[in-house]
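Participant: From first to last, the protein sequence lines stand for chains A and B.
Mapping to this note's numbering: the first sequence position 232 is 232, numbers consecutive.
Mapping to this note's numbering: the second sequence position 4 is 4, numbers consecutive.
None of these hints come from the bench; they were simulated from the model.
Source: prediction; values computed, not measured.
Virtual Cβ for every residue (Gly too), placed ideally from N, Cα, C.
Careful: at least some of the hints might be erroneous.
As the list claims (entries may be wrong) - Computed Cβ-Cβ distance ranges for the label pairs, DEER-style:
id : chain 1 : residue 1 : chain 2 : residue 2 : range
1  : A       : ARG184    : B       : TYR54     : 53 to 61 Å
2  : A       : LYS423    : B       : GLY70     : 29 to 37 Å
3  : B       : THR60     : A       : LYS423    : 45 to 53 Å
4  : B       : THR60     : A       : GLN405    : 31 to 39 Å
5  : B       : GLY21     : A       : CYS372    : 24 to 32 Å
6  : B       : ASN28     : A       : GLU33     : 20 to 28 Å
7  : B       : ASP11     : A       : GLN63     : 53 to 61 Å
8  : B       : ASP55     : A       : MET373    : 33 to 41 Å
9  : B       : ASN28     : A       : CYS372    : 31 to 39 Å
10 : B       : VAL78     : A       : GLU380    : 54 to 62 Å
11 : A       : GLU380    : B       : THR60     : 55 to 63 Å
12 : B       : GLN35     : A       : GLN63     : 28 to 36 Å
13 : B       : SER10     : A       : ILE427    : 51 to 59 Å
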Amino acid sequence: MEKLRYERPVINKIKAGVPDKFGMQTKVEIMPEIEGISVKDILKEYGSPVFVLSENKIRETYQEAHRAFSSRYPKIQFAWSYKTNYLDAVCKIYHDEGSWAEVVSGFEYDKAISNGVPGSKILFNGPDKSNEDLVKAIDNGSFIHIDHFDELYSIIRLTKNTDKKAKVAIRINMDTGIYPQWDRFGFNYENGEAWNAINRIMLSENLELVGLHTHIGTYIMSANAYAVAASKLAELAVRTNRKFNHNIKYIDMGGGFASKNTLKGAYLPGKDTCPSFDDYAEAITSALINSEIAPDNLPILFLETGRALIDEAGYILGTVLANKRLSNARRSTIVDVGVNMLFTSFWYEHEIYPAQECSLQTEDTAIYGPLCMNIDVLREAIQFPLLQKGDHFVIPRVGAYNMTQWMQFITLRPNILLIDRNKNIQIIRDKETNEVFKRQERVPEHLK
Amino acid sequence: MKIRSNIAVSDNGFMFDPNTGDSYNLNNTAAEILQMLKSGKDESEIIKEFTQKYDVDEATFEQNLYDFLGMLGHYDLVEKEQTNY
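Please build the complete structure, drawing on both the sequences and the hints.
Facilitator: Here it is, written out as structure tokens:
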């Protein structure tokens, strides 16, 4: 006789309280496949945990974002934000779609060059650019986004030794009505510092002011903040034109568009509350078109959005290591994905889906990673199905930042896979081995 | 382990404790275990019956069973053991 499917026994106390007025779904969906490929099979072949990226999703999301802007504004250029995910394979997909590169360090700059991006299609941001980096960027005709006066004067000094003009933009911070106001990067708009910087650049023979750049923050839930920012940049472009008879070639609105992940403390899920690409595009392009910039001089609109483009295309697949009871009898589940590789769990309430059939029963569960550290918490409280040791799960929307901000701590980083357009699985970053770390270390002679 | 005699359990796993007024939900396997306990079966009999009927190995089920029994104790749904001082 065939045995019945087993589910571990569970008792849940019924808590009377205020009903959820939004009637959120309590049923936990399962995710047994990614792009039609079985999660179980992927884990069996490539080990657990493992990151998986979808090339189709990357391209679809890029095209959706591009369409939202290009259908509203005549001149659009995206620049892939390297820091969001600088795996070469990922960068090359964006470059193939037409993206330039947006980099924030010498390391990223060299990566973009080695990915075949011409220097003239690199936007160089960030507060840390060495003289060596700046000389390289000037020689290659890259667009240097100046962060502070020390950098501005460094460029002025460096260009005295070369016959090339430095193509520069300035990063501008401003009050757009949101909190927190990011004022640590660039020159402030309200106190006149940005205008001073523009004047200094315009009076310099060896610098060409080509653009104005802002990046108002991250995970911005208000599309209107971008409209305010675009209006302020447009106003500076008009003033520059009036005073110096000089046209600003581009306005760079940076990134910061929210992805559909849910921030910790948010009452409603991000997928229900985040603005769409159309919302952001409408706000930004309307502000530019309605500004006083003459229609013939409309600048190119640059966008450096990273998170909203790639978050949806990334998954991490893992395995349950153990189930325990906490001192108050709450369930805790330990999984093999920790904050070392899922850095974003510090600010997101990541969704977690079982990868195999399970019943409708759930338990109030705390989900912990495998690290021997108290901070290794994926979810403090989630209604989670009754998984057993060895069961698999999928965490979606992890494509942004995790593969660049991850930490090597007490364990090795896992494989990263790409499901390509033909549904073939490609390893795009090998899992680390002890040899990788041994290679970097040296033991002094007397300790050998 | 004995379930308190005044605990009421319906066939579909709804459980009521008249001492506290608290209600509980049980999944199918938990409800079945509870009926076995109420009918006086001990842990070893429950393990034997379950591993014959369900697709589960003995070690896994034993671990799950004691975890579940621990929860019954946590919610104060079982008879206190007689202590001999």
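Participant: Run every hint past the structure and note whether it holds.
Facilitator: Checked hints:
{"no.": "1", "hint": "ARG184/A - TYR54/B: 53 to 61 Å", "result": "59 Å, holds"}
{"no.": "2", "hint": "LYS423/A - GLY70/B: 29 to 37 Å", "result": "46 Å, violated"}
{"no.": "3", "hint": "THR60/B - LYS423/A: 45 to 53 Å", "result": "35 Å, violated"}
{"no.": "4", "hint": "THR60/B - GLN405/A: 31 to 39 Å", "result": "37 Å, holds"}
{"no.": "5", "hint": "GLY21/B - CYS372/A: 24 to 32 Å", "result": "42 Å, violated"}
{"no.": "6", "hint": "ASN28/B - GLU33/A: 20 to 28 Å", "result": "27 Å, holds"}
{"no.": "7", "hint": "ASP11/B - GLN63/A: 53 to 61 Å", "result": "54 Å, holds"}
{"no.": "8", "hint": "ASP55/B - MET373/A: 33 to 41 Å", "result": "36 Å, holds"}
{"no.": "9", "hint": "ASN28/B - CYS372/A: 31 to 39 Å", "result": "37 Å, holds"}
{"no.": "10", "hint": "VAL78/B - GLU380/A: 54 to 62 Å", "result": "30 Å, violated"}
{"no.": "11", "hint": "GLU380/A - THR60/B: 55 to 63 Å", "result": "27 Å, violated"}
{"no.": "12", "hint": "GLN35/B - GLN63/A: 28 to 36 Å", "result": "57 Å, violated"}
{"no.": "13", "hint": "SER10/B - ILE427/A: 51 to 59 Å", "result": "53 Å, holds"}
Checked against the numbered hints given earlier, this structure breaks hints 2, 3, 5, 10, 11 and 12; the rest are met.
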